[in-house]
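**Q** Listed below, chain by chain, are the residues.
Number of protein chains: 2
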Amino acid sequence: MENDIFTPQLLPKYPLMVVISGPSGIGKDTVVRLLEKRQNSFHFVVTAASRSPRAGEVDGVDYLFVSKERFREMIDNNELIEYAEVYSEYKGIPRAHVEEALHSGKDVLLRLDVQGAARIRALFPEAVLIFLLPENDEKWLERLQNRHTETEEKLRIRCDAARDELKYLPIFDYAVVNETGKLETTVDIVMSILQTEHSRIHPRKISL
Amino acid sequence: MENDIFTPQLLPKYPLMVVISGPSGIGKDTVVRLLEKRQNSFHFVVTAASRSPRAGEVDGVDYLFVSKERFREMIDNNELIEYAEVYSEYKGIPRAHVEEALHSGKDVLLRLDVQGAARIRALFPEAVLIFLLPENDEKWLERLQNRHTETEEKLRIRCDAARDELKYLPIFDYAVVNETGKLETTVDIVMSILQTEHSRIHPRKISL
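Chains as they are written, first to last, in the working numbering: chain A, -8 to 199; chain P, -8 to 199.
Don't take each hint at face value.
Below are the SDA-like pairs computed for lysine to any residue, each with C-alpha atoms no more than 20 Å apart in a straight line [as the list claims (entries may be wrong)]:
1) P:K158 <-> A:L2
2) A:K158 <-> P:E27
3) P:K4 <-> A:T176
4) A:K145 <-> A:S15
5) A:K19 <-> A:F35
6) A:K130 <-> A:E141
7) P:K4 <-> A:D164
8) A:K4 <-> P:K59
9) A:K19 <-> A:K196
10) A:K158 <-> P:T(-2)
11) P:K130 <-> P:D164
12) A:K4 <-> P:P161
13) P:K19 <-> A:R191
14) P:K158 <-> P:I192
15) P:K173 <-> A:Q186
16) A:K4 <-> P:L55
17) P:K4 <-> A:F35
18) A:K158 <-> P:I192
19) A:K4 <-> P:D164
20) A:K4 <-> A:L174
21) A:K97 <-> A:F35
22) A:K59 <-> A:A75
23) A:K196 <-> P:A109
24) P:K97 <-> P:P116
25) P:K59 <-> P:E73
26) A:K130 <-> P:T177
27) P:K173 <-> P:K59
28) A:K196 <-> A:K130
Derived by calculation from the structure, the hints in this document are not laboratory data.
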């Protein structure tokens, strides 16, 4: 009869730029890894870093490990969307990887510390920023202590850092409690958020 | 140690006002019924109507059937949040039911035609408005014809109405395609939207 009422043009689709962030020790890496497993329509953009890999870290998977010299070259050539220098080590987001992902129509997934997420917000107001947080202080301290690397002094520093990081909460879109032992629920909720963002009548549109 | 970093006060919770809408014949009733089954934390507010019940319609479940006289009284007493007169029959949303739901902390669920949804948007800018739509025109016409009540003339009128209703799409928050034979998927997506709305850092807050 018609074929001109309910048309696909009513609902334009754009890839999302999704940032998974939160305080250190909250489990960003694990959540991102599970998200990728659930749905391979994500394009996970690996952060470039000048520091040496820690035990178990794989180059190109966990981080893109480059020399400081190469990193400075990347900065000079405008090869990074954003970068930061922390304790005289660099990390940043390679521009080419993000462009590639967006052009392919895939959602771009970034795992960033809270300060990195804030820089992305400033550059891409339409990014979807998700803050992972623990159910309470006890559970969070348990998480940190389970890493076996935490002294009392280090814990105190982490608590101070977490207080600072929480000041950024208002620039985020969503908060997801990553409850201990309920990782699949966390991933479910993040998947729901992405599904919902793709159902928006006024979609967020990222322009590079 | 602390108990003052990750506190519940970081994430205040408010009940949502959720409107399920869309063109006639799209399946709003079925979706609402399944949503209620999935999660009994909804408070479904039944629309009051002055017309007679159709076959199979249950008073207080599908609609709250009242006389025209009683309806006019409800209007005069400000007992309705909104109402409309269509072809000299009234329908409207009882204020007491919405207040009751919001005070109980439950999400309020409303099933409304597109014009009713538009009135809710004007009254409650923070309501969550979901537009159900068919995958394409063929499927929608099939839906209407399966109701066995449709003549060519009636179909033409419905198509014109749908075109008018689609003009309201921009005032909605989300579009969900209610694909034929995939009702559970539709309900999944609506549930995702509600989960996401409850994960917002800046929650929508309904004030009556």
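**Q** Which numbered conditions among the earlier hints are violated in the structure presented, ordered from lowest to highest?
**A** Structure breaks hints 2, 8, 9, 11, 14, 16, 17, 20, 23, 26, 27, 28.
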